[in-house]
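Taking the hints into account, I'd like the entire structure generated from these sequences.
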Amino acid sequence: MTILLELFWVFFMLGLLGFGGGYAIIPLLQYEVVNRGWMTLYEFADIVAVTQISPGPMGANAAGYVGYAMAGPIGAVAAIIGLIAPSFILVLLVAHFFKKFYQASLTQSILHGVRPVTIGLIASAGYTFFMMSPFGDVRNVAASVAIFMVAGSLSFVKKINPVLIILISAILGILLL
Amino acid sequence: MKKNLQLFWIFFKTSVVTVGGGLVMLPLIEREVVDKRDWISRDEILDIFAVAQTLPGMIIVKVAFYVGYKVGGIFGSLIAAFAVILPSLIAIFTVAAVLPAAVENVYVKRAFRGVTIGLSAMLLHLAFDLGRRTIKNWIGIVLLIVAIVAAVVLRINKVYIILFGAVAGLLIFLFKRGKENDKS
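Residue numbers (my numbering), protein chains in the order written: chain R, 170 to 346; chain D, 203 to 386.
No wet-lab data here; the hints were simulated from the structure.
Fair warning: there could be bad hints in the mix.
Dumping the calculated EDC-like pairs for lysine to aspartate or glutamate here, alpha-carbon to alpha-carbon at most 20 angstroms [as the list claims (entries may be wrong)]:
(1) Lys311/D / Glu212/R
(2) Lys311/D / Glu201/R
(3) Lys327/R / Asp331/D
What follows is a set of in silico ranges between Cβ atoms, one per label pair, in the way DEER data are often shown [what the hints assert, rightly or not]:
(4) Val326/R / Lys215/D: 16 to 24 angstroms
(5) Ala252/D / Met300/R: 32 to 40 angstroms
(6) Val308/D / Leu261/R: 45 to 53 angstroms
(7) Asp331/D / Leu261/R: 27 to 35 angstroms
(8) Phe266/R / Asn359/D: 29 to 37 angstroms
Residues of chain D clear of chain R, computed beta-carbon distances all greater than 10 angstroms [unchecked claim]:
(9) Asn206
(10) Pro229
(11) Glu232
(12) Asp240
(13) Ser243
(14) Lys272
(15) Gly274
(16) Phe277
(17) Met324
(18) Phe375
(19) Lys385
Glycine included, every Cβ here is placed at the ideal spot set by N, Cα and C.
Structure follows, in structure tokens:
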């Protein structure tokens, strides 16, 4: 029971602070799961990998997999409900009461500060994930850099579908790492 | 009741096709609830999308709550959001049970390490792209650098880093408004 409440609370907090949805939630979640001793960075990275090729919103997938790992199916449900509860409350408040008073300037001002910070956190998550590569020997370093370059140029230059980039990275991982 | 079933179906369908997330589902929803069914006016759906993008949380979930509420009240709101997370739940219940055993396999493990590297490139590209489009002044650049240093070097709790950004945004807003008041 305690773990369900803890899951709900952690994901409620992430739902309240995740400005920008799934990709903004990943760095926050990474800190929480590792620091609470819920899982290792590698177990978390595996979950994020799966969320990339799962249907449904990425944030809900990440919450569900973490919740499931901690407390089974009920844990998955507790985590997802926690994550979307703040959206429910805020959307209903805006829809019902604040439509006329909705202070765009105030929320915009918060976003002006939160946006650059969130972008910084997304970049730092990218850095952390790259540093998890197997750097055991020269061959592994070369393979990791090669996968990074391929995925980066596909994303940057070609702007192809992220799901395809993930699949190509997986195949390169099997072949090279 | 018929409306609730339709709500369910629209959001379930949209959620299934949004693999990996993104803003691609907004036009799909607009077509269903504005063009096909006339439940919501064009102006209102644009307001809903704008609100959904400023509030925290997942965009498709917020749009579901909002559109569901407009069409079918609280119950409609919950139905639409349930439809959005149902594909996630089905996938999780199927995959999560076998995941720990699967990653023990050496090929699966290598594939996952490859994906982690690919993901790192995608996240850095996303950060670069968002930064280029939304960071317009030196204050934004300072906040970005502070966040990276705080997260990577100092390893500060990221919740505090976000809160720091929110407070900084508010203070800058109040400071600017104070200056404007002084002028007038």
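Hint-by-hint comparison with the structure:
no.: 1; hint: Lys311/D / Glu212/R; result: 11 angstroms, holds
no.: 2; hint: Lys311/D / Glu201/R; result: 23 angstroms, violated
no.: 3; hint: Lys327/R / Asp331/D; result: 14 angstroms, holds
no.: 4; hint: Val326/R / Lys215/D: 16 to 24 angstroms; result: 32 angstroms, violated
no.: 5; hint: Ala252/D / Met300/R: 32 to 40 angstroms; result: 37 angstroms, holds
no.: 6; hint: Val308/D / Leu261/R: 45 to 53 angstroms; result: 49 angstroms, holds
no.: 7; hint: Asp331/D / Leu261/R: 27 to 35 angstroms; result: 32 angstroms, holds
no.: 8; hint: Phe266/R / Asn359/D: 29 to 37 angstroms; result: 32 angstroms, holds
no.: 9; hint: Asn206; result: 17 angstroms, holds
no.: 10; hint: Pro229; result: 17 angstroms, holds
no.: 11; hint: Glu232; result: 17 angstroms, holds
no.: 12; hint: Asp240; result: 19 angstroms, holds
no.: 13; hint: Ser243; result: 14 angstroms, holds
no.: 14; hint: Lys272; result: 7 angstroms, violated
no.: 15; hint: Gly274; result: 12 angstroms, holds
no.: 16; hint: Phe277; result: 12 angstroms, holds
no.: 17; hint: Met324; result: 5 angstroms, violated
no.: 18; hint: Phe375; result: 3 angstroms, violated
no.: 19; hint: Lys385; result: 17 angstroms, holds
Hint compliance for this structure: hints 2, 4, 14, 17, 18 are not met, and every other hint is.
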